[in-house]
Amino acid sequence: MKEEKRVKRPPRGPMAPPQKAKNFKSAITRLFKELKSFKALIIISMILAIAGAVLSIMAPNRLADLTDEISKGLIVNTKNVKKLTETVTTSLNNEKMQEILDLQLNEKTTLEVMSSSEISPLEKEEFSNFLNSMSSAKPEDILNNLANLSSNVLNILLKDSVYQNVTITSQDKIDLLKMAKNKKTQDIPANIEKVLFSEITIDGVKLISQEQAKFLELIASVQDTNNAQEFYQKLDKAPKNIRKVIEPTMNMKQIKKIGIILITMYLASALFTYIEQISMTDVSNKFAKKLRTSISNKINRLPLKYFDKHSTGDILSRVTNDVDMIAMNMNQSLATLVSALTLFLGTIIMMFYTNWIMALTAIFSSFLGFIFMSLVLSKSQKYFSARQEELGNLNGHIEEVYSGLNVVKVYNGTKEANKKFDEYNKKVYEANRKSQFLSGLMMPMMGFIGNLGYVAVCIVGAVLTMKNQISFGVIVAFITYVRLFTSPLSQIAQAMTSMQSTAAASERVFAFVDEEEMDDEKNIIKSLSRSKVKGNIEFKNVVFKYDGNDKPTIKNFSAMAHSGEKIAIVGPTGAGKTTMVNLLMKFYEIDSGDILIDGISTKELTRENIHGLFTMVLQDTWVFDGTIKENIVYNRQNISDEEVKEVCKIVGLDHFIKTLPKGYNSKILDNDTISAGQKQLLTIARGMLEDTPFLILDEATSNVDTRTEELVQKAMDKLTEGRTSFIIAHRLSTIKNADLILVMKDGNIIETGNHEQLMQLNGFYAELYNSQFEI
Amino acid sequence: MLKLLKGLNKKIYFYIAISFILIFAQVWLELKMPDYMSEITVLVQTEGSKMADILKNGGYMMLCALGSLVSAIIVGYFIANVAALFSLETRKKLFTKVENLAVHEVKQFSTSSLITRTTNDITQIEMFLAMGVQLLIKAPITAIWAVTKILNKSWQWSTLTGIAVIILLTVIGILTAIVMPRFKIVQKLIDKINGVTRENLTGIRVVRAFNAEKFQQDKFDDVNNRLTKQQLFNQKTFAIMMPIMYLVMYFLTLFIYLIGANLIDTALMADKISLFGDMVVFSSYAMQVIMSFLMLAMIFMMMPRASISAKRIREVLDEDITITDGNLTTIPTNEVGTVEFKNVSFMYPDAEEYLLEDISFKVKKGQTVAFIGSTGSGKSTLVNLIPRFYDVTKGEILVDGINIKDYKQYDLHNKIGYVPQKAVLFNGTIKENVAYGDNGQEISDKQVEEAIRIAQAEEFVLKMDNKYNSHIAARGTNISGGQKQRLAIARAIAKKPEIYIFDDSFSALDYKTDATLRKELKKYTKEATTLIVAQRIGTIMHADQIIVLDNGKCVGIGTHKELLKSCEVYKQIALSQISEEELAK
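Chains F and V supply the protein sequences, listed in that same order. No gaps in the numbering here: position 125 of the first sequence is 213 in this note's numbering, and each next residue is one more. No gaps in the numbering here: position 89 of the second sequence is 689 in this note's numbering, and each next residue is one more.
These are computed hints drawn from the structure, not numbers from a lab. Be a bit skeptical, because a hint or two may be false.
As the list claims (entries may be wrong) - Here are the simulated DSS-like cross-link-like pairs (lysine-lysine), alpha carbons at most 25 Å apart as the crow flies:
#1 V:Lys692 x F:Lys514
#2 V:Lys611 x F:Lys515
#3 F:Lys508 x V:Lys693
#4 V:Lys693 x F:Lys514
#5 F:Lys160 x V:Lys753
#6 V:Lys911 x V:Lys942
#7 V:Lys788 x F:Lys755
#8 F:Lys386 x V:Lys829
#9 F:Lys503 x V:Lys697
#10 V:Lys610 x F:Lys522
#11 V:Lys697 x F:Lys515
#12 F:Lys374 x V:Lys836
#13 V:Lys610 x F:Lys507
#14 V:Lys964 x V:Lys784
#15 F:Lys344 x V:Lys753
#16 F:Lys755 x V:Lys784
#17 F:Lys378 x V:Lys814
#18 F:Lys767 x V:Lys1022
#19 V:Lys692 x F:Lys522
#20 V:Lys606 x F:Lys515
#21 V:Lys697 x F:Lys508
#22 V:Lys1008 x F:Lys507
#23 V:Lys1008 x F:Lys503
#24 V:Lys792 x F:Lys377
#25 F:Lys386 x V:Lys788
#26 F:Lys643 x F:Lys833
#27 V:Lys693 x F:Lys503
#28 F:Lys633 x V:Lys1063
#29 F:Lys767 x V:Lys836
#30 F:Lys374 x V:Lys814
#31 V:Lys611 x V:Lys697
As the list claims (entries may be wrong) - Rough simulated footprint, nothing fancy, chain F against chain V, three-plus residues with beta-carbon under 8 Å:
#32 675 to 682
#33 853 to 866
#34 961 to 972
#35 1042 to 1053
Ideal Cβ positions, reconstructed from N, Cα and C, are used throughout, including at glycine.
Okay, chain F solo, but in the shape it has when bound:
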């Protein structure tokens, strides 16, 4: 039962083509006009949306700065490395070596060597060779050759000495020689290190000789001079102070600063978005409420003729679907559109500002993807429409078969129904396959466009970085730009489609709100009070034609009803019986002639006044969600429970109501709790509560079985006493005791009189009456 109450609307796929407005521009203009009272909030939201977008464009640049700062901590301080290398290598030159060695190569020492008994002849020979080569050898070779001599010899040649206040033993000197020869700096004696590398200061860091020696040792051990990795690995073994000088430093202070700026920006942007969303939610929901109220108000101001031409479902879908559509799109699309546009333009500007080559790369690669995508999607539109259509056909068929299932079964129509079903189902399947596939393409294609832009930016960025035209941070920034740039494009496209549907929806809503209303009754001053009305009604040459009909439904109708009379209107379907009621109640305006109540034209009375004089019970039973009591009391106040019970007793409902679990407070939820006949009795009870001079019963007992009807009839006869009543009835037995029977056919009264008179006349009425008893 629940589903029935909802407005039916085929589910639209995510990519279903938007419903188009007839006049997009005027619909949107109108929409914005209606939004005027929300102007301030909307403007604030738009500003916030723009601010948020601007922040999200600026953030990547800060992030790039951050990356740059971090990458400053990656590469060694080349300047210091050079300086240090130079210092340590010059420290180790020959001159200095010789000074330190203080070589005692004179006659005395030569003699001492040659005459020493501890020195073997071979060593002596080497020594003399050394002496001989002295004159021809280069200075660095001399030291090398010296190193080759045995330590016994060297002990004599290199005596302990004092250099720069440091005593250097001959053993130290020998070690130094050996080290110089083998290039093994770690073997440098501590004493010598001290004198060899004088303390230096680089960038405020004092480097003692030991550290310099270590550094020298490290660079000396690098084998492959082109391998940075090996070099860095050696560096990691360097003394702390050395590393301090040559290792890269990050400006932590700066990094912290950028970090704080970024946090602030992100927070601000989130806050802006939140406030913007909240205010747009406020606007859209309050606007939706306003629209719904005005539609609902409008329903009560429209003439009945409007409802002849428009279905309930149509109006309902405006109250819910269309208004929802407007509210939802306004909530999402408006701000999205503004921020997406800002983002889009802002990103382009920022990209060009940062680097034009990179900008062109990003834009070009994104557009390439988008052209590809729009090519695919433009082809797919027709499948989405086809899907909707085929689904509609299939659903129609299912609805038809299910609701006529009995007939389908008895007439063996299942085979045919199945054949048709398979046909429609197959078509839906084909359309489904295609449209689902194409709508599934969207996501991966968006992803691919993103990747394409990413790679393009990386490659071009790498080239530019190597040429030292940009820093690495720029690449990072552009990676974000590409993302920022591609998402608004699809957002704008989406927002545009939803604007289309919004326009279509608002067109429908405003068309309804702008419908012509009933005549204004402000000028009417006359009024009839219920207690003073005598109860005479006169029809004077009444002519009435429904809109759109060629011929009038009521042609020149005249009749007089006197106070307290019971007037029955009979005739075949379509004779215009109900139209008479509509005219009496001033639901429709008559075209010519007049209807007079106690001699006063109904044209001179307000509708409200007239309605107050009549009690009306219709064939269409009308109950609403609510308790039985609420349904009977309806809009009237000060009705006691006793009064309600009283009328229910009269129509014979009291017993039934008492059997319900909650008695008079039972809810009328759906059709199951209460039958059609009982509903009709309920509406009769509702009418009985009113004490009016006039009573209209339009087939009021048609759904009640004949035995119950008789009971109600009796009660009603009591009720109609003293009132002027109009009774339309299908069953002629009901109206046999009427004072006046009007027999209508094709909009005209063809016979009048009471039952006996009409039967004697043996005309149309008699024929109708007798047909009840024919075979």
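Based on these hints, arrange chain V on the given structure of chain F.
Leaving out everything else, chain V in the frame of chain F:
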């Protein structure tokens, strides 16, 4: 929901399996990309790198992107096929099932609910399959894979990502917990606002007659206010989600960088550059992890709707078919046109009381039997037992001397011309509607025209633009109730059945048409057996047999005259319609 996938075309499983493998490939390719990205980063950072290396890595990366696109397209193709195949087959299953349900089972579900189940519910699941299945496979694979790639890089970064995921999921969880139940309230309020408006529209004349416009408006305003308030609360609560989501993602990147700065600063010289590359890569993997968790969250939000739909579909599919064909293959012809009820009792399954109790009667060929009684007396149910819309609880019904349960339903139905209380017309021409169904023989145009004439429909049919070929809209909305009813009667006549069943089919007609129609029909159906359910005494007073029902029991059988004397209930009904003098006539 998984159970619904059982027993479907084997292709579906094959497609899903292929998709699974391809999604694996896709995820692999997508996760490979950051590796190349990191290569490129290192190359750019290191002095002396060759351009060719960068191009090579860029090219690989592009290949990955392209490969992932291609596999995504193929997966998309298969998944679209899975979704479409699912709805094709499930809808067919459901449709066939509903066709075979007994009438009370249909009532139990309600026709409108069955329609929704066959249309909207299936579409709902189809959409879930089309979007959800991919995500459902992809999200966990991506999440797990990306996590394993991340884990060994640095515990600080991993912890950070973990915290981000937890914050996101908590926020989503809390918001959903707050808002979801309230979304249901909103749905109810929307139904209510629809209800109030519908009420105002359908009762517009009553509303105006009672001067209740203000009353209605107040009612509407009340619901409107509540709806707006609830919507505002929901949407404002939910509005916090997007900013937080973005905040978490941005902060995650930022803090990965800040932590990275510290790590690099304290790292050995040799590790710095690779650490930097790791940092860039990590931030993109972290994003992948976050994204896949978001996808999972999305699926869990989509899931309930689809699984409710699946449950509703399964409810119908699991319903047992209670009315089955008999085994009779050849139909003996020694007795024709008789209907006999032998001590028939009927009650709905699960009901406590009998709706019909111990009904026995027999109609012979060419006779008319009428059923009368007040609303709820069981007269419609009684005739609906004959075409087996329901099966009797006790006793048996014989048609042509054979128990109706022994017939094949097709054969039984061919003997019957049935006209329901509410005329059923289908989208199609008048001729198609009258010649509807399949009774083993072609219904000629002449037969159709004759049937229309007898049913007193000729007058208005000939006035229509295309006469017999005029189009009737779905459910016959373009013609009046009386006209629909006459066409429904014509349909029964055209079939030339052995047995006519008129289930209160004449009440929509005015007395005159009713009388003429029955007169014509009598002439035409002399050979046929007629069962009429009626409310009007006039309609049935000339029947050969009248059966008076009261609360499911037979309180009188006989002719009009006999019953007037013997049956108090019948007399009361008669007297409420015709005066004593006329009855005496």
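Hint check:
{"no.": "1", "hint": "V:Lys692 x F:Lys514", "verdict": "holds, 10 Å"}
{"no.": "2", "hint": "V:Lys611 x F:Lys515", "verdict": "holds, 19 Å"}
{"no.": "3", "hint": "F:Lys508 x V:Lys693", "verdict": "holds, 15 Å"}
{"no.": "4", "hint": "V:Lys693 x F:Lys514", "verdict": "holds, 14 Å"}
{"no.": "5", "hint": "F:Lys160 x V:Lys753", "verdict": "holds, 22 Å"}
{"no.": "6", "hint": "V:Lys911 x V:Lys942", "verdict": "violated, 41 Å"}
{"no.": "7", "hint": "V:Lys788 x F:Lys755", "verdict": "holds, 17 Å"}
{"no.": "8", "hint": "F:Lys386 x V:Lys829", "verdict": "holds, 23 Å"}
{"no.": "9", "hint": "F:Lys503 x V:Lys697", "verdict": "holds, 14 Å"}
{"no.": "10", "hint": "V:Lys610 x F:Lys522", "verdict": "holds, 20 Å"}
{"no.": "11", "hint": "V:Lys697 x F:Lys515", "verdict": "holds, 21 Å"}
{"no.": "12", "hint": "F:Lys374 x V:Lys836", "verdict": "holds, 13 Å"}
{"no.": "13", "hint": "V:Lys610 x F:Lys507", "verdict": "holds, 23 Å"}
{"no.": "14", "hint": "V:Lys964 x V:Lys784", "verdict": "violated, 59 Å"}
{"no.": "15", "hint": "F:Lys344 x V:Lys753", "verdict": "holds, 23 Å"}
{"no.": "16", "hint": "F:Lys755 x V:Lys784", "verdict": "holds, 21 Å"}
{"no.": "17", "hint": "F:Lys378 x V:Lys814", "verdict": "holds, 17 Å"}
{"no.": "18", "hint": "F:Lys767 x V:Lys1022", "verdict": "holds, 19 Å"}
{"no.": "19", "hint": "V:Lys692 x F:Lys522", "verdict": "holds, 20 Å"}
{"no.": "20", "hint": "V:Lys606 x F:Lys515", "verdict": "holds, 23 Å"}
{"no.": "21", "hint": "V:Lys697 x F:Lys508", "verdict": "holds, 16 Å"}
{"no.": "22", "hint": "V:Lys1008 x F:Lys507", "verdict": "holds, 21 Å"}
{"no.": "23", "hint": "V:Lys1008 x F:Lys503", "verdict": "holds, 15 Å"}
{"no.": "24", "hint": "V:Lys792 x F:Lys377", "verdict": "holds, 14 Å"}
{"no.": "25", "hint": "F:Lys386 x V:Lys788", "verdict": "holds, 24 Å"}
{"no.": "26", "hint": "F:Lys643 x F:Lys833", "verdict": "holds, 11 Å"}
{"no.": "27", "hint": "V:Lys693 x F:Lys503", "verdict": "holds, 15 Å"}
{"no.": "28", "hint": "F:Lys633 x V:Lys1063", "verdict": "holds, 22 Å"}
{"no.": "29", "hint": "F:Lys767 x V:Lys836", "verdict": "violated, 43 Å"}
{"no.": "30", "hint": "F:Lys374 x V:Lys814", "verdict": "holds, 21 Å"}
{"no.": "31", "hint": "V:Lys611 x V:Lys697", "verdict": "holds, 23 Å"}
{"no.": "32", "hint": "675 to 682", "verdict": "holds (count 5)"}
{"no.": "33", "hint": "853 to 866", "verdict": "holds (count 8)"}
{"no.": "34", "hint": "961 to 972", "verdict": "violated (count 0)"}
{"no.": "35", "hint": "1042 to 1053", "verdict": "violated (count 0)"}
When the structure is compared with the earlier hints, violations turn up for hints 6, 14, 29, 34, 35 and for no others.
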